Amino acid sequence: VLNAMLKEVCTALLEADVNIKLVKQLRENVNYTEMDPVIIASEGVEKFKNENFEIIIVDTSGRHKQEDSLFEEMLQVANAIQPDNIVYVMDASIGQACEAQAKAFKDKVDVASVIVTKLDGHAKGGGALSAVAATKSPIIFIGTGEHIDDFEPFKTQPFISKLLGMGDIEGLIDKVNELKLDDNEALIEKLKHGQFTLRDMYEQFQNIMKMGPFSQILGMIPGFGTDFMSKGNEQESMARLKKLMTIMDSMNDQELDSTDGAKVFSKQPGRIQRVARGSGVSTRDVQELLTQYTKFAQMVKKMGGIKGLFKGGMAGLQSMMRQFQQGAAGNMKGMMGFNNM
Numbered sequence: 126v127l128n129a130m131l132k133e134v135c136t137a138l139l140e141a142d143v144n145i146k147l148v149k150q151l152r153e154n155v156n157y158t159e160m161d162p163v164i165i166a167s168e169g170v171e172k173f174k175n176e177n178f179e180i181i182i183v184d185t186s187g188r189h190k191q192e193d194s195l196f197e198e199m200l201q202v203a204n205a206i207q208p209d210n211i212v213y214v215m216d217a218s219i220g221q222a223c224e225a226q227a228k229a230f231k232d233k234v235d236v237a238s239v240i241v242t243k244l245d246g247h248a249k250g251g252g253a254l255s256a257v258a259a260t261k262s263p264i265i266f267i268g269t270g271e272h273i274d275d276f277e278p279f280k281t282q283p284f285i286s287k288l289l290g291m292g293d294i295e296g297l298i299d300k301v302n303e304l305k306l307d308d309n310e311a312l313i314e315k316l317k318h319g320q321f322t323l324r325d326m327y328e329q330f331q332n333i334m335k336m337g338p339f340s341q342i343l344g345m346i347p348g349f350g351t352d353f354m355s356k357g358n359e360q361e362s363m364a365r366l367k368k369l370m371t372i373m374d375s376m377n378d379q380e381l382d383s384t385d386g387a388k389v390f391s392k393q394p395g396r397i398q399r400v401a402r403g404s405g406v407s408t409r410d411v412q413e414l415l416t417q418y419t420k421f422a423q424m425v426k427k428m429g430g431i432k433g434l435f436k437g438g439m440a441g442l443q444s445m446m447r448q449f450q451q452g453a454a455g456n457m458k459g460m461m462g463f464n465n466m
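Numbering follows the numbering used here, in which position 160 of the sequence shown is assigned residue number 285; successive positions increment by one, without gaps.
Please keep in mind that the hints were generated in silico from the structure rather than gathered at the bench. Since the structure is predicted, the reported quantities are computational estimates derived from the model, not experimental observations. Do not take every clue at face value.
[To be verified] 16 Å max Cα-Cα, derived EDC-like pairs, lysine to aspartate or glutamate:
(1) 427 / 314
(2) 231 / 271
(3) 388 / 413
(4) 233 / 198
(5) 261 / 232
(6) 388 / 378
(7) 368 / 413
(8) 426 / 385
(9) 243 / 277
(10) 243 / 275
(11) 426 / 314
(12) 243 / 274
[As the list claims (entries may be wrong)] Here are the simulated distance ranges between beta carbons:
(13) 370 / 164: 54 to 64 Å
(14) 225 / 263: 15 to 25 Å
(15) 238 / 426: 35 to 45 Å
(16) 161 / 330: 45 to 55 Å
Every residue gets a Cβ at the ideal spot worked out from N, C-alpha and C, and that includes glycine.
Start from the sequences and build out the full structure, keeping to the hints where you can.
Given below as structure tokens:
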């Protein structure tokens with residue numbers, strides 16, 4: 126409904142970022158004469174108001190809390206245009222420094238909301254919580270990549286669930302439903318009994334590659350998000366996923382179809398050495414795969430023991446996981462005092 130409404134709203138974007146490098150990049154396509162961001166912002170807003178634009182977004186240059194002149198400039202821009210809503214765009218990759226940076230912004234201008242970017246790399250998002258505490262302002266959007274579909278509305282429960290290493294099962298199910306996979310119900314039937322094999326994991330890895338963006342999907346899987354993505358960028362993580370699939374390609378049917386695949390290997394360690402030789406990796410790599418599998422299989426087993434969890438197929442599972450994540454997120458928010466999220 127909101128998207129439909131916004132399509133009917135006349136919106137303008139005013140670029141008040143006078144970063145010299147950016148200006149040079151834009152020079153071929155944009156004629157410009159003014160270099161004072163305060164004048165650009167005030168005159169631009171006045172022009173767009175006269176042209177009956179209903180939403181005017183003013184983009185200013187990035188700045189650091191140690192850059193006093195730029196902070197003074199930001200205050201002058203705010204005073205000149207008197208915005209209805211000041212949005213603080215935060216770089217999640219700076220980690221816990223987010224808190225001091227956010228506080229510096231809040232001390233200068235009245236930050237009304239926060240957008241967190243660069244959550245697709247090493248950043249786990251803990252700094253976002255600090256920013257919320259420092260600004261006492263809600264997060265409205267998060268950025269998990271460079272494309273428009275990587276810019277998404279912020280949802281508290283999935284965010285905190287992933288932060289705690291619990292993944293985002295609800296979001297993952299949404300993605301699976303979008304694919305309209307034929308074996309959804311067959312997988313649900315196995316999950317209902319708490320069963321999850323290495324072959325199931327292999328097939329889900331195949332599905333993950335169809336879902337994209339990779340980092341966003343991987344972050345939804347319990348035991349994979351922060352551990353997997355923190356070791357490198359998205360391309361490296363995709364290579365690691367393919368490596369895990371190569372390891373499973375060297376397993377036999379008994380190993381792939383056992384409902385307790387890790388135990389099969391622990392009882393006969395020679396299997397690990399055989400798989401390692403067949404896939405051209407070290408035994409440690411095979412053991413790492415089994416560790417990741419065990420984490421996910423244990424969660425599936427717990428889910429299978431919850432009465433009524435899988436009633437209604439995917440819709441029932443999604444509803445139950447929403448309640449589960451809301452409870453976990455609520456406890457987290459209560460303990461840390463981040464109720465503004």
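Verification of the supplied hints:
Distance restraint check for residue 427 and residue 314: the Cα-Cα separation of roughly 15 Å lies within the 16 Å cut-off, and the hinted pair is therefore satisfied. For the hint pairing residue 231 with residue 271, the CA-to-CA distance comes to about 27 Å; that exceeds 16 Å, so the pair is violated. The hinted pair formed by residue 388 and residue 413 meets the criterion: a straight-line CA distance of about 14 Å does not exceed 16 Å. For the hint linking residue 233 to residue 198, the alpha-carbon distance of about 10 Å falls within 16 Å, and the restraint holds.
For the hint linking residue 261 to residue 232, the alpha-carbon distance of about 12 Å falls within 16 Å, and the restraint holds. Simply put, residue 388 and residue 378 have alpha-carbon atoms about 15 Å apart, close enough for the 16 Å limit, and the pair holds. Only pairs whose Cα atoms come within 16 Å are accepted, and residue 368 paired with residue 413 is accepted, the gap being roughly 11 Å. Taking the CA atoms of residue 426 and residue 385, the gap is about 11 Å. The hint holds against a cut of 16 Å.
Between residue 243 and residue 277 the alpha-carbon distance is near 12 Å, which keeps this suggested pair within the 16 Å criterion. Taking the CA atoms of residue 243 and residue 275, the gap is about 10 Å. The hint holds against a cut of 16 Å. Restraint check: the Cα-Cα separation between residue 426 and residue 314 comes to about 13 Å, which is no more than 16 Å; the hinted pair holds. The straight-line distance between the Cα atoms of residue 243 and residue 274 is roughly 14 Å, inside the 16 Å bound, and the hint therefore holds.
A hinted range of 54 to 64 Å for the beta carbons of residue 370 and residue 164 is consistent with their spacing of about 57 Å. Between residue 225 and residue 263, the C-beta spacing of about 20 Å keeps the proposed range 15 to 25 Å intact. A hinted range of 35 to 45 Å holds for the C-beta pair residue 238 and residue 426, which are about 40 Å apart. At about 53 Å, the CB distance of residue 161 to residue 330 agrees with the hint of 45 to 55 Å.
Checked against the numbered hints given earlier, this structure breaks only hint 2.
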